[in-house]
Amino acid sequence: MEQAVTADKKRNRSKQSGSTSKKIKKLASSTIYHVLVTLFGIVMIYPLLWMIMSSFKESSSIFRDADNLIPETFMFENYTNGWKGFADYSFGTFFKNSFLITITATIGAVASGVIIAYGFARFQFKGKNFWFSCMMLTMMLPYQVVMIPQFLIFQKLNWINTILPLTVPHFFGQAFFIFLNMQFIKGIPKEMDEAARIDGCSYYGVFTKIILPMIVPSIITTCIFSFMWRWDDFFGALLYLNKPSSYPVSLALKMFADPSSQSDWGAMFAMSSLSLVPVFLIFIFFQKYLVEGISTEGLKG
Amino acid sequence: MKKVRQQRKPSGGIRAVLCHEQAAGYVFIAPFIIGFMIFTIIPIIASFLLAFTDYDILSKPSFIGLDNFIKMFTADSKFIKSLEVTFFYAVVSTPLRLLMALVVAMILVRPSKLSAIYRAVYYLPSIIGGSVAVAVMWKQIFSSDGVINALLMSVGIPCEQSWLGNKNTAIWVLILLSVWQFGSSMLIFLAGLKQIPRTLYEAAIVDGAGKIQSFFKITLPLLTPTIFFNLVMQTINGFMAFTQSYIITGGKPLNSTLFYAFYLYQKAFTNYDMGYACAMAWVLLVIVASVTAILFKSSGRWVYYESKE
Amino acid sequence: MKRKISLLLTALLLVSCITGCGNAGTSNSGKEVTPTSTVASDSATTPTAAADTAGNASDASDEQITLRMSWWGNQTRNDLTIQVLDLYTQLHPNVTFETEPSDWSGYFDKLATQAATGSMPDIIQQDYGQLSTYYDKNLMLNLQPYIESGVIDTSRISGAVLASGSFNEDLYAMCIGLNTPVLLYDKETIQAAGVTIPEQMTYQEFFAISKTIFEKTGVQTYFDSGLIGMMYRGEGLTMYSADGTSFGSEDDSIFLDYFTMVKQAMDEGWHVSPEVLVEKDPNIVETMPLIDQTTWNSFTNSNQYTTISNTAGRDLGMSMFPCKEDDVQQVQYLKSSQFLTASATTEYPEVVADFINFFVTSVDANKILNGERGVPVDSAVLASFSDRLTPQEQEVFDFIDKINEVATPMDPPTPSGSSEIGTLLNDLTEQVRYGLITPEDAAEQVFTEGNDILMGENGQ
Chain A
11 MEQAVTADKK
21 RNRSKQSGST
31 SKKIKKLASS
41 TIYHVLVTLF
51 GIVMIYPLLW
61 MIMSSFKESS
71 SIFRDADNLI
81 PETFMFENYT
91 NGWKGFADYS
101 FGTFFKNSFL
111 ITITATIGAV
121 ASGVIIAYGF
131 ARFQFKGKNF
141 WFSCMMLTMM
151 LPYQVVMIPQ
161 FLIFQKLNWI
171 NTILPLTVPH
181 FFGQAFFIFL
191 NMQFIKGIPK
201 EMDEAARIDG
211 CSYYGVFTKI
221 ILPMIVPSII
231 TTCIFSFMWR
241 WDDFFGALLY
251 LNKPSSYPVS
261 LALKMFADPS
271 SQSDWGAMFA
281 MSSLSLVPVF
291 LIFIFFQKYL
301 VEGISTEGLK
311 G
Chain B
-1 MKKVRQQRKP
9 SGGIRAVLCH
19 EQAAGYVFIA
29 PFIIGFMIFT
39 IIPIIASFLL
49 AFTDYDILSK
59 PSFIGLDNFI
69 KMFTADSKFI
79 KSLEVTFFYA
89 VVSTPLRLLM
99 ALVVAMILVR
109 PSKLSAIYRA
119 VYYLPSIIGG
129 SVAVAVMWKQ
139 IFSSDGVINA
149 LLMSVGIPCE
159 QSWLGNKNTA
169 IWVLILLSVW
179 QFGSSMLIFL
189 AGLKQIPRTL
199 YEAAIVDGAG
209 KIQSFFKITL
219 PLLTPTIFFN
229 LVMQTINGFM
239 AFTQSYIITG
249 GKPLNSTLFY
259 AFYLYQKAFT
269 NYDMGYACAM
279 AWVLLVIVAS
289 VTAILFKSSG
299 RWVYYESKE
Chain C
26 MKRKISLLLT
36 ALLLVSCITG
46 CGNAGTSNSG
56 KEVTPTSTVA
66 SDSATTPTAA
76 ADTAGNASDA
86 SDEQITLRMS
96 WWGNQTRNDL
106 TIQVLDLYTQ
116 LHPNVTFETE
126 PSDWSGYFDK
136 LATQAATGSM
146 PDIIQQDYGQ
156 LSTYYDKNLM
166 LNLQPYIESG
176 VIDTSRISGA
186 VLASGSFNED
196 LYAMCIGLNT
206 PVLLYDKETI
216 QAAGVTIPEQ
226 MTYQEFFAIS
236 KTIFEKTGVQ
246 TYFDSGLIGM
256 MYRGEGLTMY
266 SADGTSFGSE
276 DDSIFLDYFT
286 MVKQAMDEGW
296 HVSPEVLVEK
306 DPNIVETMPL
316 IDQTTWNSFT
326 NSNQYTTISN
336 TAGRDLGMSM
346 FPCKEDDVQQ
356 VQYLKSSQFL
366 TASATTEYPE
376 VVADFINFFV
386 TSVDANKILN
396 GERGVPVDSA
406 VLASFSDRLT
416 PQEQEVFDFI
426 DKINEVATPM
436 DPPTPSGSSE
446 IGTLLNDLTE
456 QVRYGLITPE
466 DAAEQVFTEG
476 NDILMGENGQ
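Line order of the protein sequences matches chains A, B and C.
Per the working numbering, the first sequence starts with residue 11, numbered consecutively.
Per the working numbering, the second sequence starts with residue -1, numbered consecutively.
Per the working numbering, the third sequence starts with residue 26, numbered consecutively.
No wet-lab data here; the hints were simulated from the structure.
Everything numeric in this text was worked out from a predicted model, so none of it was measured.
Note that beta-carbon positions come from the ideal geometry of N, C-alpha and C, so glycine has one too.
Incorrect hints may appear among the rest.
[Stated by the list, open to error] Reference excerpt, derived from the structure (chain C facing chain A, CB under 10 Å, subset only):
hint: 1; residue: E123
hint: 2; residue: E125
hint: 3; residue: A188
hint: 4; residue: I316
hint: 5; residue: G342
hint: 6; residue: K392
hint: 7; residue: S404
hint: 8; residue: A405
hint: 9; residue: A408
hint: 10; residue: F410
[Claimed, not checked] In silico DSS-like cross-links for lysine-lysine, where the CA-CA straight-line distance does not exceed 27 Å:
hint: 11; chain 1: C; residue 1: K212; chain 2: C; residue 2: K349
hint: 12; chain 1: B; residue 1: K76; chain 2: C; residue 2: K288
hint: 13; chain 1: B; residue 1: K295; chain 2: A; residue 2: K138
[What the hints assert, rightly or not] If you want the ones that stay clear, here's a sample from chain B, every Cβ over 10 Å from chain A, calculated:
hint: 14; residue: I55
hint: 15; residue: I62
hint: 16; residue: I78
hint: 17; residue: L112
hint: 18; residue: V134
hint: 19; residue: N147
hint: 20; residue: W170
hint: 21; residue: W280
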């Protein structure tokens, strides 16, 4: 950030000599920038606004008044009704379950993603290409064809009805995150490793002292993605969790809509909106690390 | 365990160092190998073997040789159609989405008081992903009496077109939806941009380079690893696309939005033809793996790593 | 290399395990189960006497039993069902339940996975369309022995209802809610067009009315391949042959009639266009074209009446499906909205059977269930409902009553492969609507391909 500011200042200083017309031009361009970004932003989040607004509409009128963004009257009943959940379990329980699964899996995905990525990105070893191909391959088979054999494995492990199938595999690395972190590690000049090695660092020391601080942006990205994807995943939960008391939010949301009977859309949109809050907060909390210039410090040394 | 101990032993000589590196590499990727062995390899092999069987999930599979594959390419016009649709979708939507993500990331990397909010706003469509709300909205917007046609009308182009109902335009609506959800690629680009040392830009300014020059001389080359990553992942995702077909169009109209993965799902769980679905999965795997391999082969020419080996 | 071979062997082992699980079902259900009354059973209690049921509970053995039950549905159904399970546990303290509620779309994916891995719940809510498949694979428990031993009391349930869940005269699936096909119409539109909808139209009348409505109000009509089964019934046939290896007719004339109707309706302009149907999915309540008066009608089932009326926010009327003038029998029939079945591999078949009996015939249980799954099948239970229905529910009950007088027996469960044929019919209907294929070609294609599918699924 500081560096960015200094750079800006330098630029500004060099432009101060320019005429006032230049200043106006700059102001105009900045205004145009904000107006355009905002306008386009509204288009981007319209569906989200629609969903949130719908959560304040009367359930039966949601689809009839789909054209109107703003509800005629704001109702909060959808939230109180939805929060009640079902089968004696409120959404409090479901949120708790979601947090447990999501946070555990994310810790696993981040830790394993970074460690394995370092192995692939920085070492030459026999069979590297083979294992890398295997890793890529895991992303190319549709889940539908592997889910039954996988279910059998978890069944043999006696993990059905626990959160283990939803969390433990993440501690062994997810291809997407491994590959992502690999790309960022490869972006770090190798001379830095070597310098540290000469200073007496082992590979493990290099990993913690050089690599980790340098790839904070990709670690943050991994956190955000893993959190979001685990939070949204309902199919794994549907397969492996049988008791309503252990359902996460994503699965509980499905219970509002049933094509063969009355669906409580109002409550569904209310709880869907609410379920976006943690994902949104995680993003807001972490994204600032993408703004501040953490990664540059290493290079200065 | 043995490898770890070996690694810890102080060692000298080129040969020992090499061993050292070999071992350390395996130590770091060990979690992956273990997980792969426990959770992944068996399902993958099972799905491969099942591709040569008639397997209805509920009873025992029977070996039928290549019948599934023969049927696919000779007697299943929907299979061919879904392949075409998916190819088109992947090839068109991936570059568009990446371009969009890159442009917006470039715009939003500019520090401003509002940038946090802007980023959130542009990322949000990705958060709601494949929810019902999106499906409903998207149908609404592109319906014959929807927002798009109203807009066209207001600029003097009367249009009664049903964008999702027309077999030529329906796929474009889905492509647009995918481009709209560029948030995750954008985030990765932002992270990539963040990793580029500011010092390089400062040096460039001192050298008198303009914005455009420094974009092509610094930003773009240093961003290639990220671009490559996004390209590979989005291509794979494009081929594996499922949700939009599933929640918005159901493959209609006239199968013009029938994604491969969606057809596969129908085969497996609506028609209980898991053997056929497995065969389809492996055809898809071969295609996606080939495309990915080509991308990797090409990467040597245009992807620039600071740590060139 | 050695490792590769061992991996391959592991995989083979796994595949054989899948196989094994499939077989487990076979061996178990093949065995004739002789019901004994060692386990908690209140077979002697009359369902109307709740006090008796409670009294009997003390006879229950002390063995602690946990049953798993799965169903699909919404929040209301989840709440009500769990209350009924609690009631059963109150009466039989040794029986507790693990519940697995799910939404419709994921339900059968999960159930199939559980079936493949031998981990099906003990009690399973089932859909009519899936019955044959699960019966063919020997995954359902034969409930007939428990009827014979008196655990399940079917004395107040009509034979036709039982038949809908029976295979070879044996009951496998117990109907838990009556339903009948219905043509819903929008009263507002009908009035505006100045037409009246008779109790049952002929197809000619249906076409004429549709045309009038379109000309007077611009509101269109929707119908789909759901009519085909009814047309078969009108001719005294079933859509599928008894052994499930072919269609129930010698030629494709019924399909031709249907596709000709589709084309005519499109040509005359009163049928909603296929473009609009992509946006307004007729299979989803919230988007079906009736809701926003794009169409004046919807062919559906009677248990949807309340939902659709509420979603539309307007008054709807109910009428029977159309028939042909030369029909040899009434097309209308009573069907099950859903069934309860037991897993063939359940450890406690006796208790499960007793629970099914409780669920269907107990007045107290149904007081809680409140007809949410459809009109109760047990006449005593039905009688107990009379005074606590909403006007809309009353209308549905009355309509079912009316149908009950004229209904002909329901078709046996559709054979394996029928879902694939359903997809084929929808595809071809769409193509005819777009004018890409002639009715003749469509009829011929569905007849030949459909017969191939049926032969492949159910032939030797």
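How the hints compare with the structure:
1. E123: 6 Å, holds
2. E125: 5 Å, holds
3. A188: Interface hint status for C:A188: violated (22 Å vs cutoff 10 Å).
4. I316: With Cβ-Cβ at 7 Å, under 10 Å, it holds.
5. G342: 19 Å, violated
6. K392: Interface hint status for C:K392: violated (19 Å vs cutoff 10 Å).
7. S404: 24 Å, violated
8. A405: 25 Å, violated
9. A408: This interface hint is violated because 24 Å lies over the 10 Å limit.
10. F410: 18 Å, violated
11. C:K212 / C:K349: 24 Å, holds
12. B:K76 / C:K288: 23 Å, holds
13. B:K295 / A:K138: Given that 27 Å is the threshold and the Cα spacing comes to 16 Å, the pair holds.
14. I55: Per Cβ check, B:I55 is inside 10 Å of chain A; nearest 7 Å; violated.
15. I62: 17 Å, holds
16. I78: 18 Å, holds
17. L112: Contrary to the label, B:L112 does not stay out of reach of chain A, its closest Cβ about 7 Å off (not over 10 Å).
18. V134: Non-interface label fails for B:V134: nearest chain A Cβ at 7 Å, not farther than 10 Å.
19. N147: 13 Å, holds
20. W170: About 17 Å separates B:W170 from the closest Cβ of chain A, which puts it past 10 Å; holds.
21. W280: 8 Å, violated
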